[in-house]
Every structure is written in structure tokens, then in C-alpha cells.
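Trainee: Chains A and B, in that order, are what the protein sequence lines are. For the first sequence, my numbering begins at 1 and goes up steadily by one. For the second sequence, my numbering begins at 1 and goes up steadily by one.
Heads up, a few of these hints could be off.
Put simply, identical chains are the same to the list, so a pair is met inside one copy or across any two.
As the list claims (entries may be wrong) - Simulated crosslink set (BS3-like; lysine-lysine; CA at most 27 angstroms straight-line): (1) Lys362 x Lys45; (2) Lys45 x Lys234; (3) Lys12 x Lys173; (4) Lys125 x Lys373; (5) Lys87 x Lys28; (6) Lys302 x Lys173.
These aren't lab readings, by the way, just hints derived from the structure by calculation.
Residues per chain, in single letters:
Number of protein chains: 2
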Amino acid sequence: MVSSFEYNISTKVVFGKDTEKQTGSLVKAFGGTKVLVHYGSASAKKTGLLDRVLASLDELAIPYVLLGGVLPNPRLSKVYEGIELCKKEKVDFLLAVGGGSVIDSAKAIGYGLYHEGDVWDFYIKKREIRGCYPVAAVLTLSAAGSEMSDSSVITNEEGWLKRDAVSDSSRCKFSILNPELTYTLPEHQTMCGAVDIMMHTMERYFTAGDHMALTDELAEGVLRTVHQSAYRLKENALDYDARANVMWASSLSHNSLTGMGNESGGDWAPHMIEHEIGGMFDVAHGAGLAAVWEAWAQYVYKTDPARFARFGNKVFGLPLTDDAEMDALAAIAAMVNFFVDVRMPKNLRELGINPTKEEMAKMARQATNHDTKTIGSFQKLGQEDIVRILEFANR
Amino acid sequence: MVSSFEYNISTKVVFGKDTEKQTGSLVKAFGGTKVLVHYGSASAKKTGLLDRVLASLDELAIPYVLLGGVLPNPRLSKVYEGIELCKKEKVDFLLAVGGGSVIDSAKAIGYGLYHEGDVWDFYIKKREIRGCYPVAAVLTLSAAGSEMSDSSVITNEEGWLKRDAVSDSSRCKFSILNPELTYTLPEHQTMCGAVDIMMHTMERYFTAGDHMALTDELAEGVLRTVHQSAYRLKENALDYDARANVMWASSLSHNSLTGMGNESGGDWAPHMIEHEIGGMFDVAHGAGLAAVWEAWAQYVYKTDPARFARFGNKVFGLPLTDDAEMDALAAIAAMVNFFVDVRMPKNLRELGINPTKEEMAKMARQATNHDTKTIGSFQKLGQEDIVRILEFANR
Numbered sequence: 001m002v003s004s005f006e007y008n009i010s011t012k013v014v015f016g017k018d019t020e021k022q023t024g025s026l027v028k029a030f031g032g033t034k035v036l037v038h039y040g041s042a043s044a045k046k047t048g049l050l051d052r053v054l055a056s057l058d059e060l061a062i063p064y065v066l067l068g069g070v071l072p073n074p075r076l077s078k079v080y081e082g083i084e085l086c087k088k089e090k091v092d093f094l095l096a097v098g099g100g101s102v103i104d105s106a107k108a109i110g111y112g113l114y115h116e117g118d119v120w121d122f123y124i125k126k127r128e129i130r131g132c133y134p135v136a137a138v139l140t141l142s143a144a145g146s147e148m149s150d151s152s153v154i155t156n157e158e159g160w161l162k163r164d165a166v167s168d169s170s171r172c173k174f175s176i177l178n179p180e181l182t183y184t185l186p187e188h189q190t191m192c193g194a195v196d197i198m199m200h201t202m203e204r205y206f207t208a209g210d211h212m213a214l215t216d217e218l219a220e221g222v223l224r225t226v227h228q229s230a231y232r233l234k235e236n237a238l239d240y241d242a243r244a245n246v247m248w249a250s251s252l253s254h255n256s257l258t259g260m261g262n263e264s265g266g267d268w269a270p271h272m273i274e275h276e277i278g279g280m281f282d283v284a285h286g287a288g289l290a291a292v293w294e295a296w297a298q299y300v301y302k303t304d305p306a307r308f309a310r311f312g313n314k315v316f317g318l319p320l321t322d323d324a325e326m327d328a329l330a331a332i333a334a335m336v337n338f339f340v341d342v343r344m345p346k347n348l349r350e351l352g353i354n355p356t357k358e359e360m361a362k363m364a365r366q367a368t369n370h371d372t373k374t375i376g377s378f379q380k381l382g383q384e385d386i387v388r389i390l391e392f393a394n395r
Numbered sequence: 001m002v003s004s005f006e007y008n009i010s011t012k013v014v015f016g017k018d019t020e021k022q023t024g025s026l027v028k029a030f031g032g033t034k035v036l037v038h039y040g041s042a043s044a045k046k047t048g049l050l051d052r053v054l055a056s057l058d059e060l061a062i063p064y065v066l067l068g069g070v071l072p073n074p075r076l077s078k079v080y081e082g083i084e085l086c087k088k089e090k091v092d093f094l095l096a097v098g099g100g101s102v103i104d105s106a107k108a109i110g111y112g113l114y115h116e117g118d119v120w121d122f123y124i125k126k127r128e129i130r131g132c133y134p135v136a137a138v139l140t141l142s143a144a145g146s147e148m149s150d151s152s153v154i155t156n157e158e159g160w161l162k163r164d165a166v167s168d169s170s171r172c173k174f175s176i177l178n179p180e181l182t183y184t185l186p187e188h189q190t191m192c193g194a195v196d197i198m199m200h201t202m203e204r205y206f207t208a209g210d211h212m213a214l215t216d217e218l219a220e221g222v223l224r225t226v227h228q229s230a231y232r233l234k235e236n237a238l239d240y241d242a243r244a245n246v247m248w249a250s251s252l253s254h255n256s257l258t259g260m261g262n263e264s265g266g267d268w269a270p271h272m273i274e275h276e277i278g279g280m281f282d283v284a285h286g287a288g289l290a291a292v293w294e295a296w297a298q299y300v301y302k303t304d305p306a307r308f309a310r311f312g313n314k315v316f317g318l319p320l321t322d323d324a325e326m327d328a329l330a331a332i333a334a335m336v337n338f339f340v341d342v343r344m345p346k347n348l349r350e351l352g353i354n355p356t357k358e359e360m361a362k363m364a365r366q367a368t369n370h371d372t373k374t375i376g377s378f379q380k381l382g383q384e385d386i387v388r389i390l391e392f393a394n395r
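Excised from the complex, chain A in its bound form (with noise of 0.2 angstroms):
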């Protein structure tokens, strides 16, 4: 049966070539009078757009601060020098000009300072999230979807933990979509963003009990069109349809349009496993997230290789036999095929890594806290499954 839901995506997107010149004007529609500025790497600044966007603030004389040096698994230290900074200079409004590590580290200072005390709380679920400074979005990379999303996520230096904390209240006010400014991305970040966005629909799609019908339809459109699109950009880097195409999947795979309906919430189990290898090694999400998908997959669709059957039918137009376990498998092998075409791992040695035995073992017992949680809807799984799925990726 569908299931009740709730829907409340208040995002303004503000889509298409040259928006990021509407950012003044944004910014002060939704009343923002002294501006967070926050980015990532020198790129922003090497191609301008970091220019762009503050001459647009300068235009409407919005004073601002500026707080660059995010990194990718955006770092909770990095997070407290920005509530520090904030409250010196009395900023109401967060601005991040980057991808989804800049949003997620704005959304963790807007919880900082919307609260009285440690931020990590909530990434922890320590406390509760009552509300959050305003954050808004000039975006420069597809991938995470955090520009229309309720979440951050945020890497504790101490232990290495990556967690999340998940608000309505930290949604963008304002996402400025611009495809061309992801023209200069290396293609391997380029396809990073491509599985993030798909595994965002994929974790949706790949749950227990009942799916909507309609919801159902959104989610293989949008994992249709992301995987042409992929292709598509490893031809041209500067398709601006393909990468508009790419863009608006990133924001719509993650705002939970591509869940509702559904019996579960989603799986979460390859993301939840990702975070301990990101927490751990560092590694771009995407790529982590193809490296560990094949093994979750192969552990897994016994439970229900009809939903590997019709995810392969729908999304890479393969047939259906009979044998569901088959077309499971070829389902499996066709994704697979797809991070090998776009140059993504499909295994941890591909990814770069080689954890050891022990560390497999502390990845499974922080994911499942000790084994005192499973992770996963699809397929409940325990401590011992991670550490079986992670020797198995491993291979």
C-alpha cells in the first residue's frame, strides 16, 4: 500500500546560464543583511565565479565575510571556525558557493548558531534540531543534491567519524543552478556526481515492503536520464544539456521526490557503509559509493531480485526472462559495466584503498554502533554482513 508522507520542499531554484548574477538580489529577498560567503578550493576563485557572486552582493551593498578552505568530507573544525566567525561578525545569512561538502558545512554552522552548545550533538542525535540560520546555494558541482536536501553531512577529525544530521529547517532558501559552471570539473568528479545522484534515487528504490507506483516512475526517470546524460559528457565535457539534464537530477534524486509513497524510508546501507570508508580513508564520495555498490548488491538481491529485475528492465532496458535471480544478476552486471564505462571503481583496490582485516572490522562496528544497530532496509544488516560486504569489495 502507499504510505503517508509528508513533501515540503521550500527551495527557491533559480535555474539556467548567467543566475548567479541574481544572488544580491536573492539573498536580500529572503532578508539576509550580513552574508557568510562560503567555499571551497582556490577553483572558485580561479574562475571567477567567486567574483561574480560577491560584485552581485556588493551590487545592493550586502556586507559580507569570507570563509574559504572546505574540504571534500567537509571537516568539523573547519565548521566551528565558521559559527566562531559568524558570531564575531554577526552574520545572518550563509551563503555557500560550492558543492554539496561548502552546503553541508554551511547547514552544520547555521545549526551552530541557531543553538547553544556542540554542533556534533546533532550529528551524533545527541539533541534535536529546533531550527537553523538561513543557508542558501550557488552551486558548482551535481552530485550530493544537499542545494534542495534536508542534509548535512559533516567528518569529526576526532575518530574519523562522518555522520549526519537531517532538518527541514536547514533546506536552502535559495539554490542557483547554473549548469555551466560544472563545464570545468576533471571528468572523474564529473562521474562522481553521476553515481552520488544515482545512488541517491538507487537507495530510495531499493528498499523493503511497498513502492509507489508513481514514485516509482520518477525514480527510473531520473536514473535513466543521469546515466545517458554520464555518457554523453564523457563525449563532451561541455554539453550544456547533458549537464542542465545532470544538474536538475542532482537536486530533485535527493529533495525526497524519489521516495515518497514508499514503505520504507529508503536503504541508506551502501551510503552508511561509504561513510565509514570516507571517514577512514578520505575518498570522494561517488567513487566510494561505486566501490562498495556491487558487493552490497551481490549480498543483498536474493531477498527480492525482482526489484533488481525491473530496476535493470526500466533503467538499462534489459529483458525479462523468467528467472528473476538471472535478470537480477544482469541487472547487478549492467551498473557495474556502467562505473567501469565512466571510469568509476567498482571494487576498494579500484577505489585506491586496501583496509586492513581490523579495519573492515572497526568500519562494521562504528556503522553499527557497536553492533547494537543494523543499517539497511532492502536487507537488514548486521555487523557481521558489513564486514562480509566489505571482504567482498575488497577482492
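Starting from the known structure of chain A, arrange chain B on it as the hints suggest.
Mentor: Quick look at chain B alone, frame taken from chain A:
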């Protein structure tokens, strides 16, 4: 090329069984302190829904006034009555309990309360909308999509003009979507709704210029789902999943999602022609759309037969041959077959009207403002074109 767009859907959707019990707490969360409970026919009373909604307001001691009697093709006189009542009673929140007509009437009252002067000005585009009092909905009919849309359609009895007003400010603050509330609908109304929903997507699908690949996928998914669900509901009106899919499709079909990134905002010629028919003959909107669609499609398909061919292939699973014109005609026939299957009229005679030559000329004149503007984007239509389409539909 993918076109620039804005997407700004702030409606909080609360979907599922018994969700109307949350009305009071949602009104409170969105700041309502004195509510107009706006509704249509006696059925809201008879089914007990109105009582449940009022009980939910009473529980939180939220005061309200009632205004029922909204008709299909909602009338301007009722809007004026609502504005007067709300001013007198100092209402600050408009709660529509009903379908699109009731929600549209509430939106019009919201415009009237926000601005001085005659609210009809906004429907004849004489003045620009600057805002709207907060509106919310408890939906009882899956059709118009007003529960997430930015539009409102009102009929002025003076001259029987049916006109729309469009503004993001009128989008519902929240919409309560309980599929069970549609169980008691007569089959005719259910199918009028299904047609209306499909047409909201098709108006955005059949447009001139480029289409965004991802948007095409989403649109086709919505169309397939409603098409299949309509057949299920013909078999069993109490099929919860079919009701749920149609209800969610109603919202997604008209909340802008199915048109994003397309070069033209939409065609809307069938809607415009139906508005003239609905204003003059007071027919059910969905039935009116079905009755003109074939004539419109036959008149325009040669502009881009491949688009119709794709529609037939993706929505009805028809084969694609090397003759796009024949494929297009097959697609049109498949849509008309669907109308026949769900007992919708396929022409004006079946709709139960038989306009005179003079009446058809008057409708065409009104739709084009005395031939000073065209309607449609897939193919631009002048006064003469509309007369010919009406004549075809009247065969």
C-alpha cells in the same frame, strides 16, 4: 537547449489516511488565528469531513467562520461574498475544504483581502498581483492541482467569462491529501479528474521548441501512472493505491515540475478553449477538455508529428515506425480510446452541448480578445483556427 527556469514550491504536503486530523495543528504552525473554512457542496457535510476538520480546529481553540456553496466553475459573486465576510470577521487564514473550485475561490478571496479594489482586475490582467492572504487546502478531489499550483480560475457571471490569475503568492501553505476522501466520488467525477491531471502534463508536453530530457521522463511517468490508475479505478473505486497515485499525480502535474526547462512554458490552447466552453455552458472542466482534445490534436499534430509519436510510444506503448504522421494519428486515437474507455466525452455532442455558429464565433473571439492575440505554443492559433477546432469538436 534546456531553458532557464524557476521552481518555487513552498506547499507543505501531508499525505495519507486520516491526515485531515492534523488541520488544526497545521493552521497553527502557519500562523492562522482566525480561519475562513470555505467549502462547496453538501457532500463535505454529509461525509462528516467538515465536522472532522472543525473538530481539529476546535481542539486547538482556533476560531473560524464558515462559507459554503462554492460551485464548480467557481463564481466571482461568491468570492466577493467571501472577501466581505473575512473583512468583517477579521479572518487571517483561508482554509479550502474541497477540490480545485473551492481552493481557487479561496485564492481569489486571498487576493481580494491583500489588495484594495476589485479582485477581478487580477483575472483580466488589469493589475499585477503583489501578494495573497495565506491559503491552505484539505483536498477532496484529484483533478485541478490547485493544491500545489500557483493558479486560480474564476468565472465572472457578468458575461460568463472564465479567467485565471497566476502568482506564487497564492500557493497553498499546506495541503492535506487523504486519498480516502475521494472514495465517494461518482465515477464521472473521478474520470474528469484523471483527464484534467493528464491534460495539465500534456499542456506542458506539447509545446514548441526544445524539451528537457529529464522533464520529459517525469511527464511521461505521470501520464502512464494516471492512465493505468484510471482503469484500476473503473474496476474498483475503493482501490487505495490507485486513488493515492492519482492524487499525488494531481499535485505534481500542475505544480510546475512537469514543465521545467522546456523552451515554451506550455501550450494551454485546449485549456483556453475549454475555459470559453466552461464559461458559456458550465460543463465539468475535465469533460470539456476531453471533448475538445481530439479536434485540437488533429488540427495541430502536423506541426510536429514526432512529438505525438513519442507520446504514443512512451505513454501507450505504441510502436514507433518510420512514418511519424501515422504514429501521431495512432497516438491521438489511443488517447481518444482512453476517453471512450473511461466514459469521457470525445466531442461536444457527447459533452451534451451543441453550440451555434454564432456561439462558436463568440468563444473564438473571446479567447483571442477579438483576434488581437493567439493562443497555444505547439501551434499558435488565431480566431479562425479556434472556430475550425470547435466545428471539428462539434461534428
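Trainee: Should Lys45 paired with Lys234 be assigned to within, between, both, or neither, using CA atoms and 27 angstroms as the limit?
Mentor: within (26 angstroms within a copy, 60 angstroms between copies)
Trainee: Within, between, both or neither: how does the pair Lys125, Lys373 come out at a Cα-Cα threshold of 27 angstroms?
Mentor: For Lys125 and Lys373, the Cα distance is within 27 angstroms only inside one copy (14 angstroms; across copies 59 angstroms).
Trainee: My question is about Lys87 and Lys28: at a cut-off of 27 angstroms on alpha-carbon distance, are they close within one copy, between copies, both, or neither?
Mentor: within (20 angstroms within a copy, 32 angstroms between copies)
Trainee: Could you figure out if Lys362 and Lys45 sit no more than 27 angstroms apart (CA to CA) within one copy, between two copies, both or neither?
Mentor: neither (39 angstroms within a copy, 61 angstroms between copies)
Trainee: Checking Lys12 and Lys173: alpha-carbon separation at most 27 angstroms within a copy, between copies, both or neither?
Mentor: Classified as both; 6 angstroms inside a copy, 15 angstroms across copies.
Trainee: When no copy is specified for Lys302 and Lys173, does a C-alpha distance of 27 angstroms or less occur within a copy, between copies, both, or neither?
Mentor: neither (42 angstroms within a copy, 44 angstroms between copies)
The structure does not agree with the numbered hints 1, 6 stated previously, though it agrees with the rest.
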